[in-house]
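Q: Here are the chains, one letter per residue:
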Amino acid sequence: MSWPTWLTEIRAGAQSRFDAAGFPTPKLEDWRFTNVAPIARATFHASTNGVSHAAEFKHFFFDHAARFVFVNGHFVPSLSSSQGLPAGVYAGTIQAALRDPAQAKVVEKHLARHAEYKENWQSFVAQNTAQFEDGIFISIPNGVVVEEPISVCFIATGDATAAFARVLVVAGDNSQAAVVETYAGNAATFTNAVTEIVAGANAIVEHYKIQQENAAAFHIGQLTVQQQRDSNVHDHSVSLGGRLVRNDLHFILDGSGAEAQLNGLYITGGEQHVANHSRIDHAQPHCPNRELYKGILTGKSSAVFNGGIIVRQIAQKTDAKQSNKNLLLSDDATINTKPQLEIWADDVKCTHGATIGRLDDEQLFYLRARGIPEEDARGLLTFAFANELLGRMKAPEVRERLEKAVRAKLDSRLGTQDSAREGL
Amino acid sequence: MLEIRNLEARVAGKDILRGIDLTVKAGEVHAIMGPNGSGKSTLAQVLAGRDTYQVTGGTVTYNGHDLLALSPEDRAREGVFLAFQYPVEIPGVGNTYFLRSAVNQIHKHRGEPEVDAVDFLALVRDKMKLLELDESLMTRSVNEGFSGGEKKRNEIFQMAVLEPKLCILDETDSGLDIDALKIVANGVNKLRSKDRAIIVVTHYQRLLNYIVPDFVHVLSAGRIVKSGDKTLAMELEKDGYAGILEEAAEGVGSR
Ligand SMILES: Nc1ncnc2c1ncn2[C@@H]1O[C@H](COP(=O)(O)OP(=O)(O)O)[C@@H](O)[C@H]1O
Ligand SMILES: [Mg+2]
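Sequence lines, in order, name chains A and B.
Okay, so the first sequence: first residue is 909 according to my numbering, each after it adds one.
Okay, so the second sequence: first residue is -10 according to my numbering, each after it adds one.
These are computed hints drawn from the structure, not numbers from a lab.
Misleading hints may appear alongside valid ones.
[What the hints assert, rightly or not] Okay, derived cross-link-like pairs now, DSSO-like style, lysine-lysine, Cα gap no bigger than 30 Å in a straight line:
(1) A:Lys1312 / B:Lys97
(2) B:Lys29 / B:Lys183
(3) A:Lys1246 / A:Lys1302
(4) B:Lys29 / B:Lys140
(5) A:Lys1233 / B:Lys140
(6) A:Lys1302 / A:Lys1257
[What the hints assert, rightly or not] Listed next, the stretches of chain B that the computed footprint assigns to chain A, with coverage defined by at least 3 CB atoms under 8 Å from CB atoms of chain A:
(7) 38 to 48
(8) 92 to 101
If you're wondering where the values come from, they're calculated on a predicted model, not measured in any experiment.
A virtual CB, placed ideally from N, CA and C, is assigned to each residue, including glycine.
So that you can see chain A by itself, here it is in the shape it has in the complex:
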């Protein structure tokens, strides 16, 4: 692929940044609890193989008319479709968009302009920016409403494969859309994903990231959301698969009245490690934001929640609520949860809370006292804990799919089973 000059320059810069920084180590405060040595130590290769396996992952696809499938970072046209999109909406590969002068202009304005990588702890973003081969570009013109979600499935196949996923969503003023990213795989792959979303004034965007990769897989993801005034972004992140998963979220509330809702669910078993780090930058006044992350941990698994909120001096009347709740179902599971508030304005509402607990004895007893067996009662309560987040998903097909996937993961006794492999 020959990239346009502007992008070639960006990529070269990103590569030097990555070369200089290297993979992050636990010495960096931001990576204290997540050791990526297994990624740094191993050698992962880009791979153009695996496309023939793509159909095996069909059960991860949604039946949406607009659907895009990538294998190891490469687009698979035969499994994809862009039918049924309203006039003016662009959804296609980044490479194709760069060949289309009208789209190329928008791509140039936004691609790699929002997801930052200047700091050492952001070196995975630098790596992705330097090395991604393709990705998806979605552009919704001003005032256009896309009824059905647009879904993108990134499949990683073959041990030691490195797969770079790149997503750019530009939602115009007063537009509305939902985008579903699904990650699946069948081996000890390494996925490095970067998503940039720009929400124009008064735009409404619902974004899903469903991570169901193989139990031996590594997944590092960055989501950067740039919000203009009165825009409304609801993000849902569900991590079920993978051996080591790290999600970084960066929301920039860059116009007054911009609202962000961050919903997250992680269910870990065996020796899985899942870290979610969010950073919400209140850069303008009157921005509400709600964050609820819930975890269910068992086996020897571990999880990290780090919730950063920055309220700039100008951002008066900020209304931020953050909550992280964890259900620890085994003695060997560990969670590190930490709010990180940096508040420079004086007239703000900012609350945060974290809980770590077991299933409630009183609730368990109540169910059992009505004849429900203990195992079922535990299952019911555990699912109910997770279901609060699924209930917030507006796309029914996504919610239903995840209800099944969550039940299957919980039913597998949360052991080392790779329930993600079955797509459930």
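Once you've looked at the hints, dock chain B with the ligands against the given chain A.
A: Below, chain B with the ligands without anything else, positioned relative to chain A:
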């Protein structure tokens, strides 16, 4: 139906029940009264199988079985029902799903077929009307956001749906206004039958005007210090617990 012999139980290292003897036959209604902290809820919870309470002595025989050897769910399937003093809220577990699961567990245990959705709905409608509960409660999570009165009526509603053999009501009357009290009492009275036994735990005599018991027992400091018929409840109402307890302490009272 139920034979409790010298039952002792402790919680958090403290002896609460200190030798309870009680025999309840099918068709009977027993009231257990006593001051706060006397162990009424402990007795009710021990019978339902709550393992927070440690049984340190005695036996409980239920229809010929050792009740204490059964799990809480098996007790429920065998027909033991506890109406909780403080029904817990369970966000995220739908009331309909919960109650239908409970009904089907009990049916399965009895070797009866599962109830289908239509029959279940009809049953629910019928019993909700009896307890004057709003049908919208069925679309909510178990007890979530219910008022105090709704929670209590919901317990009796569940009891009416599950049709247990041994009903234990733990202060179902506490905190109810007179209208709600009558509704609850009416619901309970409808369940009175020759095959069913009911134990009504209460702190106030008032309920017993509406659910007239065959026997009344006074519980104090983990022991039944006096038993009698419904006139004992009247006596309590008149003289308060102090009189009875004094009498019992003097050894005049009998079990
Ligand atoms: N879970 C518990 N932990 C510690 N103490 C308890 C617990 N439950 C009951 N108790 C104690 O046991 C005694 C009897 O309580 P309870 O059976 O609830 O009385 P009642 O229902 O008659 O008011 C009280 O002193 C109470 O404080
Ligand atoms: Mg009590």
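Q: Does each hint hold? Answer for all of them.
A: Results for each hint:
1. A:Lys1312 / B:Lys97: 25 Å, holds
2. B:Lys29 / B:Lys183: 25 Å, holds
3. A:Lys1246 / A:Lys1302: 29 Å, holds
4. B:Lys29 / B:Lys140: Holds, at about 20 Å.
5. A:Lys1233 / B:Lys140: Within the cut-off at roughly 27 Å; holds.
6. A:Lys1302 / A:Lys1257: 27 Å, holds
7. 38 to 48: Since 3 is at least three, the answer is holds.
8. 92 to 101: Contact hint for the segment 92 to 101 of chain B vs chain A: holds, 3 residues under 8 Å.
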